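Number of protein chains: 2
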Amino acid sequence: MQNFDYQTPTRLIFGKGVISNLPEVMKPLGKRILLTYGSGSIKKLGLYDKVKELLAEFEIYELSDIQPNPKYDPSVLDGVRICKQHAVDAILAVGGGSVLDCSKAIAAGAKYDGDPWDLISYKVSAKDALPIVDILTLAATGSEYDCGGVISRTETNDKIGYVDPHLFPVCSILDPTYTFSVLRKQTAAGCADAMNHVMEQYFTEDTTLLNDGFCEAELKSLMTNTKIALENPEDYRARAELMLCCTYGCNGILALGNSASGWPCHGMEHALSAYYDITHGEGLAILTPRWMKHILNDKTVGRFVKYGVNVFGIDENLDKYEIANKAIEETYKFFESIGLPMHLKEVGIDESRIEEMAHHIAVNEGLENAYAPLTEKDITAILRDSL
Amino acid sequence: MQNFDYQTPTRLIFGKGVISNLPEVMKPLGKRILLTYGSGSIKKLGLYDKVKELLAEFEIYELSDIQPNPKYDPSVLDGVRICKQHAVDAILAVGGGSVLDCSKAIAAGAKYDGDPWDLISYKVSAKDALPIVDILTLAATGSEYDCGGVISRTETNDKIGYVDPHLFPVCSILDPTYTFSVLRKQTAAGCADAMNHVMEQYFTEDTTLLNDGFCEAELKSLMTNTKIALENPEDYRARAELMLCCTYGCNGILALGNSASGWPCHGMEHALSAYYDITHGEGLAILTPRWMKHILNDKTVGRFVKYGVNVFGIDENLDKYEIANKAIEETYKFFESIGLPMHLKEVGIDESRIEEMAHHIAVNEGLENAYAPLTEKDITAILRDSL
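These protein sequence lines map, in sequence, to chains E and D.
Under this note's numbering, the letters of the first sequence match residues 37 to 423, in that order.
Under this note's numbering, the letters of the second sequence match residues 37 to 423, in that order.
Just so you know, these hints were derived from the structure itself, not from any lab.
Each hint can be trusted.
Not close to chain E: a few residues of chain D, all C-beta gaps over 12 Å, as computed:
#: 1; residue: K86
#: 2; residue: D114
#: 3; residue: Y198
#: 4; residue: F216
#: 5; residue: N400
Coverage of chain D stretches by chain E, computed from C-beta distances (three or more under 8 Å per stretch; other residues unrestricted):
#: 6; segment: 254-264
#: 7; segment: 270-281
#: 8; segment: 289-301
The structure displayed is predicted, hence computed values, not measured ones.
All C-beta atoms in this analysis are idealised placements derived from N, C-alpha and C, irrespective of residue type, glycine included.
Given only the sequences and the hints, what does the whole structure look like? Please build it.
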């Protein structure tokens with residue numbers, strides 16, 4: 037078991053109708069609020085009007101049109117400019133992980149005199165950040181309970197995950213009913229994203245009985261409840277459990293003391309969506325079973341056996357490689373069954389830039405130090421197998 | 037799934053040698069520290085000298101001799117007096133849950149002008165408290181990661197659990213090697229305490245797949261690792277996993293969204309240890325299987341089936357009452373196997389005050405609203421069955 041230093045100070049207010057707490061949550065943070073959101077679905081949900089009504093006594097500035105795979109230019113730069121120009125006190129992010137990730141970069145940039153890219157690219161450490169509150173409308177990334185974000189810079193094909201302890205949301209307002217209208221495609225992609233967060237922590241060298249059990253519970257709950265939510269999008273219990281599962285995905289609580297795995301699927305997927313702007317969860321669903329197949333060997337087979345027996349209920353008396361291969365097959369079949377595309381070609385990626393992406397990943401993601409080390413050749417093979 | 041409002045801001049620094057972080061942790065809290073500890077085992081461990089050496093630049097005041105089932109008089113009152121007299125800035129609790137619980141009551145009392153019992157008995161809400169840091173030497177209560185404590189007042193046979201959000205430790209320093217020398221009896225009692233914390237959250241009306249999985253992982257890890265630690269007290273991995281399991285026991289993270297169970301075994305045990313000053317975990321181990329047997333009925337049997345199948349691996353094809361009864365038997369046998377006393381008579385409790393305690397419990401613990409409601413008659417029956 038590894039030493040660790042863990043803290044997640046975020047307050048979670050969870051359940052039906054909890055948005056009524058918003059004024060009480062925002063009040064201590066100041067009067068001038070930057071409201072950030074995406075394409076306008078929060079207007080359809082009625083959330084935009086509700087927020088404006090609840091915060092009638094605040095000064096609200098707005099940054100809209102934040103895209104999936106949120107962009108440094110224009111979103112982060114615009115947000116920082118607004119915050120500085122109006123001396124904004126706090127950010128209220130309303131949306132999914134992309135809106136929240138973008139808002140985190142803005143929060144840090146607003147308190148920094150130089151180019152915000154210095155912070156995102158770890159050239160400089162943030163000394164401070166604006167406080168962030170979020171109202172979540174999509175269960176997936178876990179950004180509502182961690183201090184990281186992912187920002188894309190189109191001109192350099194960079195998609196960078198940055199982490200800074202100043203960036204924990206002060207409070208996340210989590211009402212599962214806001215996810216009732218999430219489309220099938222996004223519900224499935226969110227499930228794949230959250231499942232992969234768990235797998236990135238589960239498939240590693242040094243784990244514990246406790247953490248393995250936590251991760252297996254997450255995976256089983258995510259699969260069961262995604263099926264229910266796809267069947268009946270307004271099933272409150274399923275949507276609620278999915279939301280909580282996703283919330284735990286990225287802040288470390290599922291795997292305190294586990295050795296680092298290197299997060300290989302995320303490392304590879306970040307290049308796919310940086311080059312092709314695809315949906316993150318879809319990229320992960322396509323890569324995951326190919327990555328599993330590629331790294332299965334005598335060192336890793338034990339983890340796959342545990343995964344297969346405890347998550348999919350595969351007979352533990354079978355040969356260990358048989359269990360492992362069945363587990364990989366079940367993973368593939370589950371993603372397929374919830375309607376996810378299972379080939380890169382289906383999301384518009386052909387073989388033309390495979391080598392270029394593999395090189396980019398090998399240079400930038402440090403996957404030679406992953407649980408199962410990946411060279412550029414390995415990465416190329418996994419990407420090719422995913423076509 | 038129930039609405040909830042959850043926050044645990046405590047920083048956990050976990051692992052071998054992490055005490056070296058102590059000066060960095062204490063520095064922002066101020067210069068005048070109240071060091072609290074128990075019977076002197078921290079001197080045998082060398083921890084006392086180590087703390088004094090690391091904090092050579094601080095002004096240290098001391099409160100020692102804090103007893104198990106920590107007492108309002110003299111410990112809490114003495115601690116409050118020292119804090120007020122010397123304008124103490126922060127408390128450093130070194131020990132197990134009793135030292136930490138006592139320190140929490142002191143922390144609140146030091147910032148209150150009246151009788152500290154007003155706070156513990158919920159007559160008045162704390163407005164503030166001194167910051168608390170702890171160095172844990174016993175895995176059991178989870179006080180290192182929650183904002184509650186339990187204080188006993190001998191003259192009234194009161195043992196009160198009080199909870200206040202000001203009382204989360206700022207930081208818990210968790211080095212599993214400090215638990216190597218914990219006696220067999222205490223290791224076993226700590227396991228029973230932590231297991232019961234999990235059960236009090238698991239046996240309830242409204243749960244989720246996710247939370248059930250978390251709780252089952254906890255129970256399996258606690259049982260497996262306690263057996264290993266009793267066999268080899270210096271097994272680092274086992275001691276480390278036990279410490280982390282216990283840390284999650286009481287702050288709610290294992291069961292966010294579950295309905296309240298009423299914590300019936302804790303309610304009953306608090307009377308036993310208030311009247312007879314027995315070891316809390318031993319009292320819980322004796323009560324738990326009798327409580328289970330008493331509440332088993334058509335409404336509760338499903339929970340026992342899940343518990344039996346997922347925690348003890350009992351064949352799910354058996355009759356549901358057969359599974360439930362086997363699960364209760366396995367619970368009893370496990371506690372017995374780790375050397376816990378399984379009858380009240382073994383811990384010095386005879387039938388003379390059963391009625392009196394049952395009445396005290398019925399009046400004070402609100403167990404008529406528990407998951408399986410308990411009247412005074414039920415409580416009497418459970419206590420009698422435990423003799």
